[in-house]
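Trainee: Following the hints, complete the assembly by docking chain B onto the known chain A.
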Amino acid sequence: MKYHSYPGCSLEGTALEYDRSTRAVLALLGVELAEIEDWTCCGASAAEATSGLMALVLPARNLALAERQAASMDILVPCSACYLNLKNVQEKTRKDPPLTAKINTVLGEEQLHLHGRLRVRHLLDVLATDLGPEAIRPKVVRPLTGLRIAPYYGCQCLRPYAGFDDPELPVSMEPLIRATGAEVFPWKMGGRCCGASHMSTQRAVGLELVAGLLESACGADAVVTVCPMCQMNLEAFQGPAGRLRRHDLHISILYLPQLIGLALGLTEQGVGLTCNLAVSRDWESHARTPVM
Amino acid sequence: MNRPPDTDVTAVHAPDHLALVRQMVQSCIQCGTCTGSCPNAFAMDLTPRQLWRHVLLGRSEAVFHSRTFTLCSACYFCTLRCPRGLHLTEAMHALKQAAARERLKLYRPVTAFFRQFMESVRRHGRVNELEFMTLYFAEMKNPLLPLRYSGLGLRLAAKGKLPLRWPLRRKRPLEALFRKAAELEEGR
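From first to last, the protein sequence lines stand for chains A and B.
Going by the working numbering, the first sequence opens with residue 1, and the numbers climb by one from there.
Going by the working numbering, the second sequence opens with residue 1, and the numbers climb by one from there.
Isolated chain B, as found in the complex:
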């Protein structure tokens, strides 16, 4: 499959992405309610509060060397509780989108997963787990990776929950929408 190579350094495009996120968290008062509410904070290298501080200061190196935003599981506790009413979960999404768009190497295991999910949706309109995982393994090129999923895959197949056929639907039903959205997003 043809795809652009992964990028190592973030410096070129990242400031633009950061500007958008910075607007989203502009009125952050650094109270730390987000950190205290985050179920994944224990595993993060920067706490959510620290991440927002780096965003506000425009430190894109720090932001895009941290795994914090990929550890957001979208539970929306921080958004619910933020005393400034900031859409913090969406700000996390915006950082994930930047990492996916720039194909930053550090985040590839996570972004490849979501990108290939979207590829399957683009091809068939609905996601096909079997195909999407195959695409994901192919992109990751790690022969051991499928083993991590094989146990669950077999259990699901035994229950008849993994259709062992490629989905046959209208050909690329969402192609026009994907194209148009990409055109609008690139033009912004």
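Next up, chain A with everything else stripped away, as it sits in the complex:
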């Protein structure tokens, strides 16, 4: 199995551990990644807030590069915001030749051309659909028995394009969590919003949303995420969120491939656990448990 990979800016910086654990887990599961050469920012949530055309051109540039490098592989994207930006271009240009022409007029400045031949896939989609729990289960050497994990999907891997899961009540992470030997913590907040960039631009509102999520996760051993923005919002503001609710809201927040990686026998360093901002001592000792 081979995919183009589009890491996105976060995975080079604030989400180093997402990058490291994604690569390590996919390698263990026999997946090959070919990073798109010379990739650039997808526009994040900034392009759509400043220029409608750049919000399409920035992701389109990366799709065009991938097409030029190999026209037959899907593009794997771990960050949900990048995923949506890339997917949005794929969906919009499919039905709108004049729009495609306009985008290509801009891309022509770099001698690039978008044909729209490649499919954009979220890491979670690839893990849940192409690989599935069957690929993980036989390779588990450190079962996470007894741990209760709350799956957090966030928004942009689910909506507006319901590509691989139910956009209201998502479930795609559950079989993957069970495959690691852990239990799924029952909650209804998996597809709710973390506030995205509100934590930077209007903190009081963002904090309210995050506090609601953390409160609902009380009792779980960890929340797992599939997006650097969700991860940062949930892990970095637990102190202020707790003060807001007058309640201790500290809880471990891990990326999904970190959880899977630990079950597959990777070390603390191997999944980048030391880079997380909110991981309890218990998780550090799970990571040091000898493998079977």
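Some hints could be false.
Straight-line distance between alpha carbons at most 25 angstroms, and here's what the computed DSS-like set of lysine-lysine pairs gives [to be verified]:
1) Lys141(B) / Lys105(B)
2) Lys102(A) / Lys180(B)
3) Lys180(B) / Lys95(A)
4) Lys180(B) / Lys92(A)
5) Lys139(A) / Lys2(A)
6) Lys171(B) / Lys159(B)
7) Lys102(A) / Lys92(A)
To be clear, the hints were calculated from the coordinates, so they are not data collected in a lab.
Since the structure is predicted, the reported quantities are computational estimates derived from the model, not experimental observations.
Mentor: Chain B only, in chain A's frame:
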């Protein structure tokens, strides 16, 4: 840095922007599903349904005195559930774009954040958090603002997640694309 001054009043250009958004929500039936689905509605001065009503009536003063569209966190619940199939999240984006383009003062804390993010992307192709936040603080000219971010910044730096160097890549790799897109957008 040279930049045009912020605008206070919206009256001059805003009707054009509103016309575009009005087309996007033309068939709104005012059912309020968007409001009921919005995780940020609790903090808004106008609910999403009320905002669309003002847009439909061409009340640009009301629209551009409201903070509602800046509170959209793009969760896409309203878009998913709208019984008329309207692209409401994109309509919110269109209002954010208008506010950014016109440099409306009321929205500066939000629009400056996104504009400086794009400036960093324009310069280096990929975003550099450290540089982008520096640009943002410089534009906001509020000496207390960096303090709000310093705690997190230090924690990230301690984890090796903030590269303490300016990104060294191909010089302004996206300049041609930015220029061409601006040319097409201004000409529409």
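Trainee: Each hint should be assessed against the structure and marked as holding or not.
Mentor: Each hint, compared with the structure:
{"no.": "1", "hint": "Lys141(B) / Lys105(B)", "in the structure": "holds (14 angstroms)"}
{"no.": "2", "hint": "Lys102(A) / Lys180(B)", "in the structure": "holds (10 angstroms)"}
{"no.": "3", "hint": "Lys180(B) / Lys95(A)", "in the structure": "holds (23 angstroms)"}
{"no.": "4", "hint": "Lys180(B) / Lys92(A)", "in the structure": "holds (20 angstroms)"}
{"no.": "5", "hint": "Lys139(A) / Lys2(A)", "in the structure": "holds (20 angstroms)"}
{"no.": "6", "hint": "Lys171(B) / Lys159(B)", "in the structure": "violated (28 angstroms)"}
{"no.": "7", "hint": "Lys102(A) / Lys92(A)", "in the structure": "holds (12 angstroms)"}
Consistency note: the structure conflicts with earlier hint 6 alone.
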